[in-house]
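**Student:** Each chain, written out:
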Amino acid sequence: GAVVSQHPSWVICKSGTSVKIECRSLDFQATTMFWYRQFPKQSLMLMATSNEGSKATYEQGVEKDKFLINHASLTLSTLTVTSAHPEDSSFYICRQWTGGAYGYTFGSGTRLTVV
Amino acid sequence: GDSVTQMEGPVTLSEEAFLTINCTYTATGYPSLFWYVQYPGEGLQLLLKATKADDKGSNKGFEATYRKETTSFHLEKGSVQVSDSAVYFCALSRLFDRGSTLGRLYFGRGTQLTVWP
Numbered sequence: 011g012a013v014v015s016q017h018p019s020w021v022i023c024k025s026g027t028s029v030k031i032e033c034r035s036l037d038f039q040a041t042t043m044f045w046y047r048q049f050p051k052q053s054l055m056l057m058a059t060s061n062e063g064s065k066a067t068y069e070q071g072v073e074k075d076k077f078l079i080n081h082a083s084l085t086l087s088t089l090t091v092t093s094a095h096p097e098d099s100s101f102y103i104c105r106q107w108t109g110g111a112y113g114y115t116f117g118s119g120t121r122l123t124v125v
Numbered sequence: 088g089d090s091v092t093q094m095e096g097p098v099t100l101s102e103e104a105f106l107t108i109n110c111t112y113t114a115t116g117y118p119s120l121f122w123y124v125q126y127p128g129e130g131l132q133l134l135l136k137a138t139k140a141d142d143k144g145s146n147k148g149f150e151a152t153y154r155k156e157t158t159s160f161h162l163e164k165g166s167v168q169v170s171d172s173a174v175y176f177c178a179l180s181r182l183f184d185r186g187s188t189l190g191r192l193y194f195g196r197g198t199q200l201t202v203w204p
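Here the protein sequences line up with chains A and B, keeping their order.
Just so you know, the first sequence maps onto residues 11 to 125 in my numbering.
Just so you know, the second sequence maps onto residues 88 to 204 in my numbering.
Please note that the accuracy of each hint is not assured.
[What the hints assert, rightly or not] As a list, the in silico SDA-like pairs of lysine to any residue whose alpha-carbon atoms are at most 25 angstroms apart: (1) A:Lys30 to A:Ser99; (2) A:Lys51 to B:Gln199; (3) A:Lys51 to B:Tyr126; (4) A:Lys76 to B:Arg191; (5) A:Lys65 to B:Arg181; (6) A:Lys74 to A:Ser64; (7) A:Lys51 to B:Ser170; (8) A:Lys51 to A:Ser15; (9) B:Lys147 to B:His161; (10) A:Lys65 to B:Arg191; (11) A:Lys51 to B:Thr111; (12) A:Lys76 to A:Pro18; (13) A:Lys51 to B:Asn109; (14) A:Lys30 to B:Gly128; (15) A:Lys51 to B:Lys164; (16) A:Lys51 to B:Thr113; (17) A:Lys51 to B:Pro204; (18) A:Lys51 to B:Glu95; (19) A:Lys51 to B:Glu163; (20) A:Lys51 to B:Glu129; (21) A:Lys51 to B:Ser101; (22) A:Lys51 to A:Cys23; (23) A:Lys51 to B:Ser90; (24) B:Lys147 to A:Val13; (25) A:Lys74 to B:Tyr193; (26) A:Lys51 to B:Ser172; (27) A:Lys51 to B:Val98.
By construction, these hints were calculated from the structure, which means they are not laboratory data.
If we strip away everything but chain A, and leave its shape as in the complex, we get (with noise of 0.2 angstroms):
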């Protein structure tokens, strides 16, 4: 089946700094990647979509600023938290989405503790 590599897989950085995760498709080409929020003990939450060569777009109440989502190819989307404060800490999960039967590909997730 599909596979997505996601990179990191935990982060510590000081507040202040900024983080790019990364999730790149190996073996499908990924038109759409999703990015999902994850606190503990809780549901995943929808953060952003992202397309191939076009702006992403959030969902309500995630800031574009801080979260910035970058789609530039077909097999690579990347989120970047820019300026992360304690409370960015969280695990990152991205889902990479073909069409069809074959969107059901998780990355492994990415744990950043903002300290």
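Let chain A serve as the given structure and place chain B on it in line with the hints.
**Tutor:** Just chain B now, with coordinates in the frame of chain A:
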């Protein structure tokens, strides 16, 4: 709009017990239904799916049947193992309809399952 209501947890069972996790949905038309499993510190893995009414998805001893008359997709396993301890998410998506929600997954809240030896 589309939504999923999932049985609240946590669920604690002894090994070899029978498992049921209830899931009901609200959606127009014919969504596809999924169960995902998440082990600690990991992303989500597809456990099983069903794309039309009366379909039964099955994998690793888990089963769920797409019941349109009751708008349900309950997850069952006849004999759970310690290794089944994880969080289970019910979800729905429109894989074949057109529109802005194409490909989007709507998740339930998740149910924590703990199996004791």
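**Student:** None of the hints should be skipped; say for each whether it holds.
**Tutor:** Here's how the hints hold up against the structure:
A threshold of 25 angstroms between alpha carbons decides the hint, and for Lys30 (chain A) with Ser99 (chain A) the separation of about 13 angstroms falls inside it, so the pair holds. As the CA atoms of Lys51 (chain A) and Gln199 (chain B) are separated by approximately 8 angstroms, the hinted pair is consistent with the 25 angstroms bound. The hinted pair formed by Lys51 (chain A) and Tyr126 (chain B) meets the criterion: a straight-line CA distance of about 12 angstroms does not exceed 25 angstroms. At most 25 angstroms may separate the alpha-carbon atoms for a hinted pair to count; Lys76 (chain A) and Arg191 (chain B) meet this at roughly 23 angstroms.
Proximity of Lys65 (chain A) to Arg181 (chain B) is assessed by CA-CA distance (about 22 angstroms); at most 25 angstroms being required, the pair is judged to hold. Of the pairs offered as hints, the one joining Lys74 (chain A) and Ser64 (chain A) holds, with about 14 angstroms between alpha carbons and a cut-off of 25 angstroms not exceeded. Straight-line distance between C-alpha atoms of Lys51 (chain A) and Ser170 (chain B) comes to about 19 angstroms, which keeps the hinted pair within the 25 angstroms bound. With a C-alpha separation of about 24 angstroms, the suggested pairing of Lys51 (chain A) with Ser15 (chain A) holds against the 25 angstroms cut-off.
Proximity of Lys147 (chain B) to His161 (chain B) is assessed by CA-CA distance (about 16 angstroms); at most 25 angstroms being required, the pair is judged to hold. Pair hint Lys65 (chain A) plus Arg191 (chain B) holds up; C-alpha atoms about 17 angstroms apart against a cutoff of 25 angstroms. With a C-alpha separation of about 20 angstroms, the suggested pair Lys51 (chain A) and Thr111 (chain B) falls inside the 25 angstroms cut-off, and the hint holds. Taken as a hint, the Lys76 (chain A) and Pro18 (chain A) pair is honoured in the structure, with Cα atoms around 19 angstroms apart against an allowance of 25 angstroms.
Between Lys51 (chain A) and Asn109 (chain B), the direct Cα distance comes to roughly 18 angstroms. Compliance with the 25 angstroms bound is thereby established for this hinted pair. Note on Lys30 (chain A) and Gly128 (chain B): the hinted pairing holds, with a Cα-Cα distance of about 19 angstroms set against a maximum of 25 angstroms. Simply put, Lys51 (chain A) and Lys164 (chain B) have alpha-carbon atoms about 23 angstroms apart, close enough for the 25 angstroms limit, and the pair holds. Restraint check for Lys51 (chain A) and Thr113 (chain B): satisfied, since their Cα atoms lie roughly 23 angstroms apart, inside the 25 angstroms limit.
A distance of roughly 23 angstroms separates the Cα atoms of Lys51 (chain A) and Pro204 (chain B); the hinted pair therefore holds under the 25 angstroms criterion. A threshold of 25 angstroms between alpha carbons decides the hint, and for Lys51 (chain A) with Glu95 (chain B) the separation of about 12 angstroms falls inside it, so the pair holds. This hinted pair checks out: Lys51 (chain A) and Glu163 (chain B) have alpha carbons roughly 22 angstroms apart, not beyond 25 angstroms. Simply put, Lys51 (chain A) and Glu129 (chain B) have alpha-carbon atoms about 13 angstroms apart, close enough for the 25 angstroms limit, and the pair holds.
Our distance criterion of 25 angstroms between C-alpha atoms is met by Lys51 (chain A) and Ser101 (chain B), whose separation comes to about 22 angstroms. The hinted pair formed by Lys51 (chain A) and Cys23 (chain A) meets the criterion: a straight-line CA distance of about 23 angstroms does not exceed 25 angstroms. This hinted pair checks out: Lys51 (chain A) and Ser90 (chain B) have alpha carbons roughly 19 angstroms apart, not beyond 25 angstroms. Between Lys147 (chain B) and Val13 (chain A) the alpha-carbon distance is near 20 angstroms, which keeps this suggested pair within the 25 angstroms criterion.
This hinted pair checks out: Lys74 (chain A) and Tyr193 (chain B) have alpha carbons roughly 22 angstroms apart, not beyond 25 angstroms. Among the hinted pairs, Lys51 (chain A) with Ser172 (chain B) is consistent with the structure: their alpha-carbon atoms are about 14 angstroms apart, no more than 25 angstroms. Under the criterion of a C-alpha separation no larger than 25 angstroms, the hint pairing Lys51 (chain A) with Val98 (chain B) is consistent with the structure, at around 13 angstroms.
Every hint, counting from the list given before, is met by this structure.
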